[in-house]
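Engineer: The lines below spell out each chain.
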Amino acid sequence: MLGWEFPPHISGGLGTACFGLTQGLSRAGVEVLFVVPRAYGDEDTRHVRILGANQVPVHGLDMEPRLRESLETRLLPGVERVLVEERRRRLRTLVSECAPATAGAAVEPADENGELIELLRTIAIDSSLLPYQDDEAYVQRLRLLESAGVSAARQDVDQLRWQSREAVETLARTLREAPSLEQIAAQVEDLRRNLTGGRTLHFSGAYGSDLMGEVARFALAVGEAAKREQFDVIHAHDWMTYPAGIVASRLTGKPLVAHMHACEYDRSGEHINVRIRDMEQMGFDGARRIICVSHYTAKMLRTRYRVDRAKLRVVHNAVTHKEQVAVVHAEKAIPEPIVLFLGRVTFQKGPDYFLEAAARVIKIEPNVKFVISGSGDMLPKMIERAARLGLARHVHFTGFLRGTDVERMYALADIYVMPSVSEPFGISPLEAMALDVPVIVSRQSGVSEVLTNALKVDFWDVQEMANKILALLCYPALREQLSSEGRQEVRRLRWEERARSVIQVYEEALR
Amino acid sequence: MTSVVFYFQVHQPYRLRRYSFFDIGVHDKYFDDVENARIVRRVAEKCYQPMNDLLLQQIERHQGKFRCAFSVSGTALSQMEEYAPDALESFRRLARTGCVEFLGETSHHSLAFLGDYEEFDAQVLDQAARVERLFGARPTTFRNTELVVSNDVAKRAEGLGFSAILGEGADHLLGWRSPHRVYRPESCERLKILLRSYKLSDDIAFRFSNRGWSEWPLRSERFAEWVDGLPSEDSLVGLFMDYETFGEHQWRETGIFDFMEHLPGALLRNGRVRFETPSQVIRSQDAVARLDVPYPVSWADAERDLTAWLGNQMQRAAHDALYALLPSVRLAAKAGRGDILEHWRKLSTSDHVYYMCTKWFADGDVHKYFSPYASPHDAFITFMNVLDDLARRALAAAPAASVETPVDPVAPAALLQRARAEKELL
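Going line by line, the protein sequences match chains A and B. Numbering-wise, the first sequence is residues 1 to 511 according to my numbering. Numbering-wise, the second sequence is residues 1001 to 1426 according to my numbering.
Derived by calculation from the structure, the hints in this document are not laboratory data. Just so you know, not all the hints are guaranteed correct.
[What the hints assert, rightly or not] Using C-beta positions, here's what the derived DEER-type ranges look like: (1) A:450 with B:1342: 28 to 34 Å; (2) A:500 with B:1177: 35 to 41 Å; (3) B:1210 with A:381: 56 to 62 Å; (4) A:460 with B:1129: 48 to 54 Å; (5) A:396 with B:1342: 45 to 51 Å; (6) A:492 with B:1054: 46 to 52 Å; (7) B:1199 with A:463: 32 to 38 Å; (8) B:1121 with A:500: 44 to 50 Å; (9) B:1046 with A:393: 53 to 59 Å; (10) A:492 with B:1229: 44 to 50 Å; (11) A:403 with B:1303: 45 to 51 Å; (12) B:1251 with A:381: 53 to 59 Å; (13) B:1026 with A:399: 37 to 43 Å.
Just so it is clear, CB atoms sit at the ideal spot from N, CA and C, and this is done for glycine as well.
The shape of chain B in the complex, shown without the other chains (with noise of 0.2 Å):
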């Protein structure tokens, strides 16, 4: 028997809006309402509305033998509550039906784990507390932004109470082992690890409406004859994909509604297969063997690592910024203004350093799809700016004679003395 664990993740940042030097000290609207407004909008009525339909069909046509997980992240559902009620509503009508289950991250969709384990707690056991308010169930598994794992964030969701966590199954993680089974972390005593089958997840979110694809059209049959073809060791298929796969990335008029509207027929004609979530697959398959992940892979570009959000300077600079700015927010928040602490971690959002990604040549395409702004370099000034707006706020809020260790803020006179001695030195 092959479970198969569909998990569609769901994600909205709040993007900012042109912030020039000129704000700066001037105002903290940060964030671009109007802009925001329109795209959660229009992904509700094109992804989430009718795909959230079409799964609930499918869970009544099949008797409960159709299930799924999602994990949605707080800025989504923030905005979600805000412009598309809607649209959450439809989710929770999901979880009422007890095939679905939602699963644990960080509220923002940040990269804390690499910048402040504190920040990482807190924002996890913020999100569990949430998901279980919304969806009438704590949860028990966990995924980190983007799919990023490693032994140490392995280690870290053991430890917040999770019993599973979610991984990519990057060949070079794996090298001649299957991606299509349960493995434990080296780092973990309970916690077990389940793995995207990258191929069967990227033949739906990626290449499906590829015409210069051999295979397409891709048809529900033939997707579910590679399943039933595969290993009878195989025990896990794990396809986790962006749920905005269906209706955005892949247009309506490809055909994506009709064939996940047919695959889970197809997939459980033959009676080799069931869908499980994955804490049933937690509880009905033990871990085969360990699995050691040194070093953070994610499920982005080509690469499986982290270079889409820390690859150049850029990035590295603005997230670097953005933490050595932790301790004033937090007094900040302490002082009363927790508004403060909530800009911060909006902005520790990670689309924000994808988008002053670099990496041009083929997976740079992907990036600017993505992007509201005009170059890397625009997404990086506009970034900095706001992030040395929040500095001063904070710091006005808390003055930093009270802080311990002395803050830096982004302050720009700051910057260019200490841009003005580097160049001495050269």
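If we strip away everything but chain A, and leave its shape as in the complex, we get (with noise of 0.2 Å):
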């Protein structure tokens, strides 16, 4: 599985699809290889102490000496130690998380030596990419990344993009023009020398320049890593990894399942970032069987890529233990009830949907706080429409929440509302709903397939949002009936459920 680690300070998300999902599937006694980018020397990793045994040394990719250094000297010797320490310590989150739900049904205690540990190995790449970064904030990144110690390329970066951009394409279309097997290896290792070797000594660095450079960077590495493995199925998330999985499957013969989170035009609306779009179309062409989070987004592929109805299926996502049975008090300082928009604050969320919500609501019922927690580019927009409806006073901006305080906002909040214009599937409802808040979530969402406790509008109507809002605050009888009823509802959705259906898209795949 091609998928993505699950990062401390990042709400919802990939990361955390990706870990239940895999979670599920060991339990089902599916053997996963769950092979993720990472960097080292990131805030993010300092403290992660899983490093893949078979970390994957991409022949001709030099490495940065003093990485290369720290890694050799420090980190490998206690690799297998650790390693093992870290399956032990899944194992027992894992059977510890699944037992209250099966009571019952004999499960086996986590036996240390036993054939579950076998089920969940990861191999750690080394790469700098986040999903859903766009090229600046890959380039951030680096930047974040050479101040911890890593350097990357230090050279003119308009050269670097104009030359990965090329390595890019070649690389896209030799993937799309689908030569032998041969032939793809051998314009594999011509793509790998022209990225690494003498002419582009730029790229000595650790990490692609630019975005695209690092998605091709990593496709190389992980087709390393597939040589050396045994496996049935390729399962990639999203398109950052549909490359590697092209090419994983092209070296193998395997087929590919890609698996659908969210797509460029959930992200960007009609102002599409062209070549991630190209990524995408790729990886859907590649791939034997496609993966959706929800029937919106099926119907998104239909629509927008002209997907074919018989490659796509849908699985829904669902909630790790851990959020289902989320208990965080949060003491209240203020007496007015808080309506809490948590999330990125982009185009794709919503956030302007919610203020003009919120002015109207304010017009009949001023006691009342509205509360826009996270952190995007539409941010210094939203806070002057506020100021601009007349709603400075309402409205409150909390910037980024990291960590526990994330489950504390949603404490704190009488009731959660989810706005987005283009919602894939969006997992933060639930997390809501697991602390008792009562949730309004908008229509064009995937995750208002499989709620029925949910309040539920069309992101536009903000007149209905705001009719909804009020009615929550005015009628206890409504909190109740969805705070109680949502929080059982929730409990209900269980990856292992998901990974049976997982497994069916499999056997498929291999048919």
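From the two separate chains plus the hints, produce the assembled complex.
Structural biologist: And the structure:
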């Protein structure tokens, strides 16, 4: 599985889903080789002890010398021990999380040498990719890594962009035009030399100097790993891993299953990044089956990418046990009810519709606080908008929340609103519901397909959104109904169930 | 001799339009006239008219040996008067044959019995007068909304002058006893109770078109065999169902009309069966035993209880808020605002709380089928918003100062304060 790890400070999202799904699959007896991009030296990973025993040193890719040294002298000797400990820890977590739900059923206690240990293995590929980066964010992250002691290409960025873009286009063409396996391998070899060899010395750094370059570099590294490992199906999550999935599939002949969590149209509306869209299309074309997180997404793939209906399967996301039984108590210091928006403050999440609804609510009931938690490119505009709508006293911006602050914020809220313009799934309402907070979700979301104990509204219908916020504020029976039934409902959304559907998709892909 | 009693329920609620918080205090056009007219006309065309014609033919063909009973809710009568007068006329034609009995119920198909006795009596008496006016005979048999019966309901109906009540032949009520006998409710002196034979009724009302059913396709001869095959002590078969079974729930294409056209002949053929109306049964049969109905039993869902209307917090809150408003609505009516009382009564129709039902599994499908809302929560929000507006209007028509016991209007501010108080308690 070409997935994403569970970073400590990102709410919801891809990593969480990958984590839950691999757990569910392991429970169902599927051996998962979990391949993740991970940047050493980054603050995210400084405390993460797990390091793949079969760490993939990609031939020909020069590693930054200091990093290599630290890897070899300090980390590697401890790797085996750390890995085993990590597996045991995960296994224990796994078993303890599964146990309450299967009460009565025979759950084998965690045997440290037991079979389950072998089912989930992680390979970390040295890469600075994070899900849903754009070019700008990627370059920013490179700077961050540099300051943390990892040097990347320090050359003229424009020049590098041009070069790596060319590399990606070559890669895409190679994969799309489907020559024989040998040809692909040769082309990949060429490409790798091109990217790393003498002419482009700028790439001697650990990471590609722009996003597409890094995606291609990651694909090549995964290809290397794939040649050495045994597996039956390649399962890739979202566009950044699709090229890697295709390379691995071409090199090994194993079928690719693409998993679609969010596509470019979800993130950017009509103003898409064409290169990303092309990568997505490449993944859909190269995959034998595509798992969509909702019918909403499946429809998007049919209409926007002309994907054949026969390839599409819908498997909704679920919730890990930790989220299902979240218990956070937060002391509320103000008497006013709090209506919460929590998520990236971007076009996709619809914060502007939240503000419009807030303005309508405030006209009728001024004693309500609206909170926008999160950061994003629309944040400055939203602050200005709030002031212009005369909401300055009523709307509060908390900025980006980390760790337990996220859960505390949910716990403080009286109503959670997810007004997304386009949300392939959207796991955050489930987190709110687990904490007894009644939620309003946009109908343009995948999660609205699985929820019954949530109020639903079209994101553009701000009058109706305000109506529903007011109804929740004024009618306690509605709140109680939604929070008590909602908590039960969230508990029923289990990854173990979803894993069964995913296994079916694997079987189809292998046929 | 077995008496077969057909009773058909005719009902249409006044469905609400989308009424948002922002409509409160702005207008009192609560009801969706366009949608209501559309539905009533459609049902009249697909069900009431063709089925009334069919029954009329049967009465003529069997020269009075075929008989049946109807209960038509006041809200259905009003909407037929307005949107489908021909359908109403065809019911009156049936009444003139003398073979069709019209029963009594609450004028607004309400749960008033659970909310307010005085209101219950008023609605029942209103409806009785209207039935007499329209169909020529004052009803002597009572059927409560959704066939809800208890010792108390029966006693109340007896006090209002009825001599029979209809009820559900629920297993948990009867135990080992047969639903095919006449009983007397524990609380009553004279009044008799006629029970629905739920198995035979549902064979027609629910299973008829089910291709997965082992008896599909059901023919009238087969059904007649089942009735003939009942033990000889079974003196009564109550076939009680929604009239919309014919042409709406079961489409014409299922053959339901053909089935009904041949059923009377098939049942009369052996001479062991006769058709009677409830009041005829009351005259011809004595009660064989007492029947204790300590808690309300209905004909709805698998549970046969009240959970379809008052099963969750939203439903109970809406019901409570509705009846809490009644004193102030009465004052408004006394002050010359009868329209406010009539609005309130239209809101008392049980369908409004039925739409808020959250019993998703098994029964949930049926609820969804009948609901004009996307979700039960939307139903609740709309209803409460309307109620809020009505509360303000009632208060304005008869200021609270003149109310002896302080009225608790469901004004949003009040509710918000209460919500805050609750929150502080937590």
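Engineer: Evaluate each hint against the coordinates.
Structural biologist: So, going through the hints one by one against the coordinates:
1. A:450 with B:1342: 28 to 34 Å: 42 Å, violated
2. A:500 with B:1177: 35 to 41 Å: Since residue 500 (chain A) and residue 1177 (chain B) have Cβ atoms about 47 Å apart, the given range 35 to 41 Å is violated.
3. B:1210 with A:381: 56 to 62 Å: With Cβ atoms ~57 Å apart, the hint holds.
4. A:460 with B:1129: 48 to 54 Å: For residue 1129 (chain B) against residue 460 (chain A), whose Cβ atoms are near 50 Å apart, the range 48 to 54 Å holds.
5. A:396 with B:1342: 45 to 51 Å: 46 Å, holds
6. A:492 with B:1054: 46 to 52 Å: 47 Å, holds
7. B:1199 with A:463: 32 to 38 Å: Since residue 1199 (chain B) and residue 463 (chain A) have Cβ atoms about 49 Å apart, the given range 32 to 38 Å is violated.
8. B:1121 with A:500: 44 to 50 Å: Taking Cβ atoms as reference, residue 1121 (chain B) and residue 500 (chain A) lie about 58 Å apart, which means the hint is violated.
9. B:1046 with A:393: 53 to 59 Å: 57 Å, holds
10. A:492 with B:1229: 44 to 50 Å: 45 Å, holds
11. A:403 with B:1303: 45 to 51 Å: Holds, at about 46 Å.
12. B:1251 with A:381: 53 to 59 Å: This hint holds: roughly 55 Å between Cβ atoms.
13. B:1026 with A:399: 37 to 43 Å: 39 Å, holds
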